[in-house]
Amino acid sequence: MAYLPEQPEWTDGVYQLEKSDPVRGGVDGPANRPLIDLLKRTAWLKQRYEEAFSGLGWAELGEWAVGLEVTTPSQIVHYQGYWYRYGGSLPHTITGASPSLDDNDNWFNLGNDVSLRANLGSGEGFALVGQVSSYTALRSVVPSYEGQSILLRAHPVGWAAMSHGPVGGGEFIARKGAAVDDGGYICVPTGQTEYYWQRIPKKPGKVCATEFGLYDGAALDDIWTRAINYCINHSIGYLSTPALGPAGYTLAGGLEFINSTNGLVIEGPGMATKGTSPVITHTGANIAITFKRAAQAQSLFNAVILKNFTIVGNALATAFVRFSDFYGGSVLDTMIRDYTTGTAMDVYNDKGWTEVIRVDNVVVRTTQRGIWFHSNPASTDDQTLSFYGARISDFGFQHGVTTASYGIYVGDGTRADNLYNCDIDMMGWWEVGGNSTALYAADKARVDGFANFRYDGFAANAMTSSSQPCRLVRKAGLTGYIKLNCKNYKHEAGLGLTAGVTALTVRPWLAIAEATAGVATPHPTLPGESIVSVPGMKCKLVGTLFKGQHSVISVVGLPPFHRYKVTLRCGLSSTAQQQYIVNIPNGANGGITTRTDSVPSVTTRTDTTISGTTATSVSNSTAKNKNFEPVFITNAGNLPDNTFSETNKQGFDIHLDGTQSNVINDEYPVSIEIEAID
Numbered sequence: 001m002a003y004l005p006e007q008p009e010w011t012d013g014v015y016q017l018e019k020s021d022p023v024r025g026g027v028d029g030p031a032n033r034p035l036i037d038l039l040k041r042t043a044w045l046k047q048r049y050e051e052a053f054s055g056l057g058w059a060e061l062g063e064w065a066v067g068l069e070v071t072t073p074s075q076i077v078h079y080q081g082y083w084y085r086y087g088g089s090l091p092h093t094i095t096g097a098s099p100s101l102d103d104n105d106n107w108f109n110l111g112n113d114v115s116l117r118a119n120l121g122s123g124e125g126f127a128l129v130g131q132v133s134s135y136t137a138l139r140s141v142v143p144s145y146e147g148q149s150i151l152l153r154a155h156p157v158g159w160a161a162m163s164h165g166p167v168g169g170g171e172f173i174a175r176k177g178a179a180v181d182d183g184g185y186i187c188v189p190t191g192q193t194e195y196y197w198q199r200i201p202k203k204p205g206k207v208c209a210t211e212f213g214l215y216d217g218a219a220l221d222d223i224w225t226r227a228i229n230y231c232i233n234h235s236i237g238y239l240s241t242p243a244l245g246p247a248g249y250t251l252a253g254g255l256e257f258i259n260s261t262n263g264l265v266i267e268g269p270g271m272a273t274k275g276t277s278p279v280i281t282h283t284g285a286n287i288a289i290t291f292k293r294a295a296q297a298q299s300l301f302n303a304v305i306l307k308n309f310t311i312v313g314n315a316l317a318t319a320f321v322r323f324s325d326f327y328g329g330s331v332l333d334t335m336i337r338d339y340t341t342g343t344a345m346d347v348y349n350d351k352g353w354t355e356v357i358r359v360d361n362v363v364v365r366t367t368q369r370g371i372w373f374h375s376n377p378a379s380t381d382d383q384t385l386s387f388y389g390a391r392i393s394d395f396g397f398q399h400g401v402t403t404a405s406y407g408i409y410v411g412d413g414t415r416a417d418n419l420y421n422c423d424i425d426m427m428g429w430w431e432v433g434g435n436s437t438a439l440y441a442a443d444k445a446r447v448d449g450f451a452n453f454r455y456d457g458f459a460a461n462a463m464t465s466s467s468q469p470c471r472l473v474r475k476a477g478l479t480g481y482i483k484l485n486c487k488n489y490k491h492e493a494g495l496g497l498t499a500g501v502t503a504l505t506v507r508p509w510l511a512i513a514e515a516t517a518g519v520a521t522p523h524p525t526l527p528g529e530s531i532v533s534v535p536g537m538k539c540k541l542v543g544t545l546f547k548g549q550h551s552v553i554s555v556v557g558l559p560p561f562h563r564y565k566v567t568l569r570c571g572l573s574s575t576a577q578q579q580y581i582v583n584i585p586n587g588a589n590g591g592i593t594t595r596t597d598s599v600p601s602v603t604t605r606t607d608t609t610i611s612g613t614t615a616t617s618v619s620n621s622t623a624k625n626k627n628f629e630p631v632f633i634t635n636a637g638n639l640p641d642n643t644f645s646e647t648n649k650q651g652f653d654i655h656l657d658g659t660q661s662n663v664i665n666d667e668y669p670v671s672i673e674i675e676a677i678d
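Here the sequence shown stands for residues 1 to 678, where the numbers follow full-length UniProt numbering.
In case anyone wonders, no lab produced these hints; they're calculated from the structure. Owing to the predicted nature of the structure, the values given are computational and were not obtained by experimental measurement. Be careful, since some hints might not be right.
To be verified - Here are the in silico distance ranges between beta carbons for each label pair: (1) T479 with E646: 17 to 27 Å; (2) V157 with E194: 20 to 30 Å; (3) R454 with V157: 47 to 57 Å; (4) E194 with P34: 19 to 29 Å; (5) A178 with V157: 23 to 33 Å; (6) Y420 with E492: 29 to 39 Å; (7) E667 with S617: 46 to 56 Å; (8) K46 with F301: 53 to 63 Å; (9) G217 with R454: 51 to 61 Å; (10) T72 with T42: 15 to 25 Å; (11) A178 with T72: 32 to 42 Å; (12) G13 with T72: 29 to 39 Å; (13) S20 with K46: 30 to 40 Å.
What the hints assert, rightly or not - Subject to a maximum C-alpha distance of 25 Å in a straight line, what follows is the list of computed BS3-like cross-link-like pairs (lysine-lysine): (14) K307 with K202; (15) K540 with K487; (16) K487 with K538; (17) K176 with K202; (18) K547 with K483; (19) K203 with K307; (20) K483 with K565; (21) K565 with K540; (22) K487 with K565; (23) K538 with K565; (24) K203 with K176.
Here a beta-carbon is modelled for each residue, glycine too, at the ideal position from N, C-alpha and C.
Given the sequences, and given the hints that come with them, work out the whole structure.
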């Protein structure tokens, strides 16, 4: 059996057998002419393929060994100081002890180590290999012509020693002309003005920080500066900063960006807490990163969204992020901690409004302020007061500092900063003592909208308590207001009532909502409403009714201009549940207590008149609300309705009268729920 000869040639066509052709074989036989044409064309294509592939660079398989498998034309094998390339059919498994004993006709000697390395190090080296090891090395390679391509193995120098291996590599193509090196997508060879290298995006429309030099343990400042500016300048909407290892990243901070061309999503290495998670550690005494407009003329609607971050601040840092003068700044799925004298998220009106801020699934720990809405004190433009439409959901704030802390802080006391039509859903944990507020409005500041507080932990404080309480809502100063439709859960506090204590004063609303202590401040534009209006807020007090002891708990400090629903519950069947409406119409009124349930007490009066021999009787029944002893409430100080008093005001009295005859057991549990209804 013989084989047809392989002659690389692109024939004009493939011969078609004719009906008149004799059936004869052999090299010149008509029956083999179509096969010969196909064979020539195939050999020609194979030759061109190998020539093209050889320019992509060699992949070193290692030392010659029987059983070693060659799978691509670019793979080379080292034998006695020389490198060999296999040119036969692939894949090929080495069976001989040397190239001459294996398949001698198809092994090609590329030269020894010295000559090969000399060629690689020459100006034509990349034509042989087609690849450089780092971005720095790429700057030393000058393109020979426009359209020439080269591979970048990895961006950072020294990547071989990194546990995560090569990152930030890719393919670059030569462009003609001058350009500015951006450290990631445009690489300008040293001293070169005629050509530059341009990265071919792996994922068009998305940029990865590894393409600008990111590695595990890297400092982010220069990397983020170049990467974010590239996205802004080229209208790219997505930048990722992936996790590459446990070391995480550092950020000195002070970065500022003018997001004037398009929206941008920046995704971090993940949301975590402690341990070996890849956190970003902010080391500077500044704001880590700011996004803003430079002028009013720039577009307002270039939202910036930060998501999937774990940020660790420091005691000197001002804030992690500032959003200034644009629409739609957002922080999502993020943990921020350790800004012990600073702020996690700063929203600042400098030249215009910053509106429709969104915070979702964000946890802030051991930080003085979670979110701060404030404006430039020197501004005279009213639009810089506006913080419209903020939506804050699943926001968790932990009071873990020894000084005062604030989950959401509005204003700074200098201007009427206005957080309006807001929608707030937040959780909280009160640790390391008290003096923490979920929502704080400084003097002159205004807040309105809806709030849902899901806090774990609550305490009613006696008026004599020296400790600072924790509050859900607090208004500072006598101007501005807070007007929120609210919900809150699990606000239960013990009265602290023990056997032998017959009088106790508590201020439970101090842990719900507080303005200036003891001052009834009306709403500045809505007469008859309080400076703090939080309908829907609830608190629950629990205590014990002791047999033989009549205790009076004075509940004080409820914001005036409100009505409150008060529900009493006790283990005695006659007082299983009683409901009252307590109306506190102004700041110096003792309150008007009205029963709204149970069977009324009825007084009947019968008047009889006699006319001659006819006696006529007329009965009049008067119903009044009835307190069921031994647990009931009265006006503050047990004063008559609409009584004005400086000592008994803004509240009511709870009576736990264990001297009543129906008190059989030594103790009964009692609960008192207070809800602001309008």
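Tested hints:
Remark: the range hint 17 to 27 Å for T479 to E646 is upheld by a beta-carbon distance near 24 Å. The hinted window of 20 to 30 Å between V157 and E194 holds, with their beta carbons roughly 26 Å apart. The supplied range of 47 to 57 Å is met by R454 and V157, whose beta-carbon atoms lie about 50 Å from each other. The hinted range of 19 to 29 Å is not satisfied by E194 and P34, whose Cβ atoms lie roughly 51 Å apart.
Taken as a hint, the range 23 to 33 Å holds for the pair A178 and V157, whose Cβ atoms sit roughly 26 Å apart. Look at Y420 against E492: about 32 Å separates their beta carbons, and that is inside 29 to 39 Å. A hinted range of 46 to 56 Å holds for the C-beta pair E667 and S617, which are about 49 Å apart. Evaluation of the 53 to 63 Å hint for K46 and F301 yields a pass: the beta carbon distance comes to about 57 Å.
Look at G217 against R454: about 38 Å separates their beta carbons, and that is not inside 51 to 61 Å. As the Cβ distance of T72 to T42 is approximately 19 Å, the hint placing it in 15 to 25 Å holds. Taking 32 to 42 Å as the suggested C-beta distance range, the pair A178 and T72 conforms, at roughly 38 Å. In this structure the supplied range 29 to 39 Å holds for G13 paired with T72, their Cβ-Cβ distance being about 32 Å.
The given range of 30 to 40 Å is respected by S20 and K46, whose C-beta atoms sit roughly 34 Å from each other. Between K307 and K202 the alpha-carbon distance is near 22 Å, which keeps this suggested pair within the 25 Å criterion. Distance check on the hinted pair: K540 and K487 sit about 14 Å apart at the alpha-carbon level, within 25 Å; holds. In summary, the hint linking K487 to K538 is supported, as the alpha carbons are separated by about 8 Å, within the 25 Å threshold.
Distance check on the hinted pair: K176 and K202 sit about 22 Å apart at the alpha-carbon level, within 25 Å; holds. With a C-alpha separation of about 43 Å, the suggested pair K547 and K483 falls outside the 25 Å cut-off, and the hint is violated. With a CA separation close to 20 Å, the supplied pair K203 and K307 stays within the 25 Å bound. For the hint linking K483 to K565, the alpha-carbon distance of about 19 Å falls within 25 Å, and the restraint holds.
Between K565 and K540 the alpha-carbon distance is near 12 Å, which keeps this suggested pair within the 25 Å criterion. The hinted pair formed by K487 and K565 meets the criterion: a straight-line CA distance of about 14 Å does not exceed 25 Å. Distance hint between K538 and K565 is fulfilled; the C-alpha atoms sit about 9 Å from each other, no more than 25 Å. Using a Cα cut-off of 25 Å, the hinted pair K203 and K176 holds, with the two alpha carbons roughly 24 Å apart.
Comparing the model with each numbered hint stated earlier shows that hints 4, 9 and 18 do not hold.
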